[in-house]
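Residues per chain, in single letters:
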Amino acid sequence: MPSAQLLLVGTSKGLIVFEKREAAWTIKDVHFVGMPVALIYEDERTQTWWAGIAHRHWGQKLHYSKDQGKSWQAVPTPKYPKDTFVYPNRAATLKKIWVMQHAGPDKPGGLWLGTEPGGLFYSDNHGQSFELVEALWNHPSRQDQNQWFGAGRDFPFIHSIVVDPRDSKHVYIAVSCAGVFETKDGGASWEPRNKGLIAAYLPNPAAEVGHDPHRMLLCPAEPDVIWQQNHCGIFRSTDAGLSWDNVTDSNGLADYGFALAVDEEDPKRAWVIPAISDEVRVAQDLALCVCVTEDGGLNWRALREGLPQNHSFDIVFRHSFCNTGRRLAFGSTTGNLFLSENNGHSWQCLSHNLPRIDSLIFTHS
Amino acid sequence: MQTIKCTGALRRFFPNLKDEAVKGSTVAEAIQQFESHYPGISDYLLDEQGALRKHVNIFVGGELIQDRVHLQDPLNESSEILIFQALSGG
Numbered sequence: 001m002p003s004a005q006l007l008l009v010g011t012s013k014g015l016i017v018f019e020k021r022e023a024a025w026t027i028k029d030v031h032f033v034g035m036p037v038a039l040i041y042e043d044e045r046t047q048t049w050w051a052g053i054a055h056r057h058w059g060q061k062l063h064y065s066k067d068q069g070k071s072w073q074a075v076p077t078p079k080y081p082k083d084t085f086v087y088p089n090r091a092a093t094l095k096k097i098w099v100m101q102h103a104g105p106d107k108p109g110g111l112w113l114g115t116e117p118g119g120l121f122y123s124d125n126h127g128q129s130f131e132l133v134e135a136l137w138n139h140p141s142r143q144d145q146n147q148w149f150g151a152g153r154d155f156p157f158i159h160s161i162v163v164d165p166r167d168s169k170h171v172y173i174a175v176s177c178a179g180v181f182e183t184k185d186g187g188a189s190w191e192p193r194n195k196g197l198i199a200a201y202l203p204n205p206a207a208e209v210g211h212d213p214h215r216m217l218l219c220p221a222e223p224d225v226i227w228q229q230n231h232c233g234i235f236r237s238t239d240a241g242l243s244w245d246n247v248t249d250s251n252g253l254a255d256y257g258f259a260l261a262v263d264e265e266d267p268k269r270a271w272v273i274p275a276i277s278d279e280v281r282v283a284q285d286l287a288l289c290v291c292v293t294e295d296g297g298l299n300w301r302a303l304r305e306g307l308p309q310n311h312s313f314d315i316v317f318r319h320s321f322c323n324t325g326r327r328l329a330f331g332s333t334t335g336n337l338f339l340s341e342n343n344g345h346s347w348q349c350l351s352h353n354l355p356r357i358d359s360l361i362f363t364h365s
Numbered sequence: 366m367q368t369i370k371c372t373g374a375l376r377r378f379f380p381n382l383k384d385e386a387v388k389g390s391t392v393a394e395a396i397q398q399f400e401s402h403y404p405g406i407s408d409y410l411l412d413e414q415g416a417l418r419k420h421v422n423i424f425v426g427g428e429l430i431q432d433r434v435h436l437q438d439p440l441n442e443s444s445e446i447l448i449f450q451a452l453s454g455g
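Listed in order, the protein sequences are those of chains A and B. Letter 78 of the first sequence, counting from 1, is numbered 78 in this note's numbering, and no numbers are missing. Letter 71 of the second sequence, counting from 1, is numbered 436 in this note's numbering, and no numbers are missing.
Treat the hints with caution; some may be incorrect.
[What the hints assert, rightly or not] Derived DSS-like pairs: lysine-lysine, alpha-carbon spacing no greater than 30 Å straight-line:
1) Lys13(A) x Lys66(A)
2) Lys13(A) x Lys96(A)
3) Lys268(A) x Lys195(A)
4) Lys370(B) x Lys96(A)
5) Lys79(A) x Lys419(B)
6) Lys370(B) x Lys13(A)
7) Lys383(B) x Lys13(A)
8) Lys96(A) x Lys28(A)
[What the hints assert, rightly or not] To spell it out: a stretch of chain A is covered by chain B in this simulated footprint if at least three of its residues, at any positions, have a beta carbon under 8 Å from a beta carbon of chain B; those stretches are:
9) 76-86
10) 273-286
[To be verified] Negatives, chain B to chain A, calculated, CB over 10 Å:
11) Lys383
12) Ser390
13) Phe399
14) Ala416
15) Val421
16) Gly427
Honestly, the hints are just simulated from the structure, not real lab data. Beta carbons are placed, not taken as given, at the ideal position from N, Cα and C, and that holds for glycine.
Same shape as in the complex, but just chain A (with noise of 0.2 Å):
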């Protein structure tokens, strides 16, 4: 695969096209401007650029191009059908599409779409239109036992969904809060893998149902080994999810997070973005570091050259974080944007003046 030229940036004002020419990154292109941009993704197997607009008035929109931004489509957004109740008397509607999936060439228009409050959709035809995944949205710990709900937001949000590249019926989702689920039939049937997680914000902190993970992503050269970013610590499994581990820094620099990166060859190398706990969410020492680890958490590591080191008040979110080969970047809810070419020994800084970034990607298109 060649070297990704072009990075993608949602923000809270518009999608900004980063190119990479020369040795420079330089802003290319901004699409959207002035509307918030929450999702940007590129099926890479048709060089579709999707972009999820987060109207503050006009409700959740999806638009796509396949031109590289010189045009954009809309398709239908996603709607919950009538008589879906996220509770109780509260009728179910689509508040934010936290997150979007590609399936593998086995299922060549598949689709995925994970959605808040709760909903997980899915297309068989390229996205043109989207049905909620019944099984999951019925599954008992949500639709009777309760043990879904909102963490930060309202109403419980599906922000990861991982597909198995060597079989696009196998799936994996993260529910915050609830935990991962995964399907083996394509999501005709959903069972909970959050075996070994802590809740520690649960009466009991080992429930089947009910954790909190903030980013999931898989191995794609080793994908029985599955990383999360957890809002109580990080963990890491080797044997697809049926059990994970808790790789949290002993040193308690590595702990809460929102933002995870995994190495795609390397199945023991990962990277996280620390912030400190829950109630505060600066850097520590108000200092900004990426930590990685390259002995499968055993060890976490901080990396700081590059960035900024005094009244860092950054913090970046679960979608603002990717990589590909060794180069890595991460863009903040303070506007800042920073890239590495050398897996994250260290950075440099594209722009401070951006607005809050929600999500970012290298295209290979």
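Let chain A serve as the given structure and place chain B on it in line with the hints.
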């Protein structure tokens, strides 16, 4: 016959938007007719269950409508229906 007047903010998505004459006995019926003039516009105003979006306001005869869930506020023969976005910061 009633008239619907819309905030100019929606012209970004519906460039040809202008005041429209409609005929209905409730706000819901008027919006339904408005949709036939501008396909897709009701998705901007209402959620998928038909309720008015939280940050959209509709005035009939200068008064905010009362039924934001089913839009059953009655219209008279010459009602003027104004559609605005709520004010917001940021």
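Hints, verified against the model:
no. : hint                  : result
1   : Lys13(A) x Lys66(A)   : holds (22 Å)
2   : Lys13(A) x Lys96(A)   : holds (16 Å)
3   : Lys268(A) x Lys195(A) : holds (20 Å)
4   : Lys370(B) x Lys96(A)  : holds (28 Å)
5   : Lys79(A) x Lys419(B)  : holds (17 Å)
6   : Lys370(B) x Lys13(A)  : holds (27 Å)
7   : Lys383(B) x Lys13(A)  : holds (27 Å)
8   : Lys96(A) x Lys28(A)   : holds (28 Å)
9   : 76-86                 : holds (count 5)
10  : 273-286               : violated (count 0)
11  : Lys383                : holds (19 Å)
12  : Ser390                : holds (23 Å)
13  : Phe399                : holds (15 Å)
14  : Ala416                : violated (7 Å)
15  : Val421                : violated (6 Å)
16  : Gly427                : holds (21 Å)
Of the hints listed earlier, those the structure fails to meet are numbers 10, 14, 15, in rising order.
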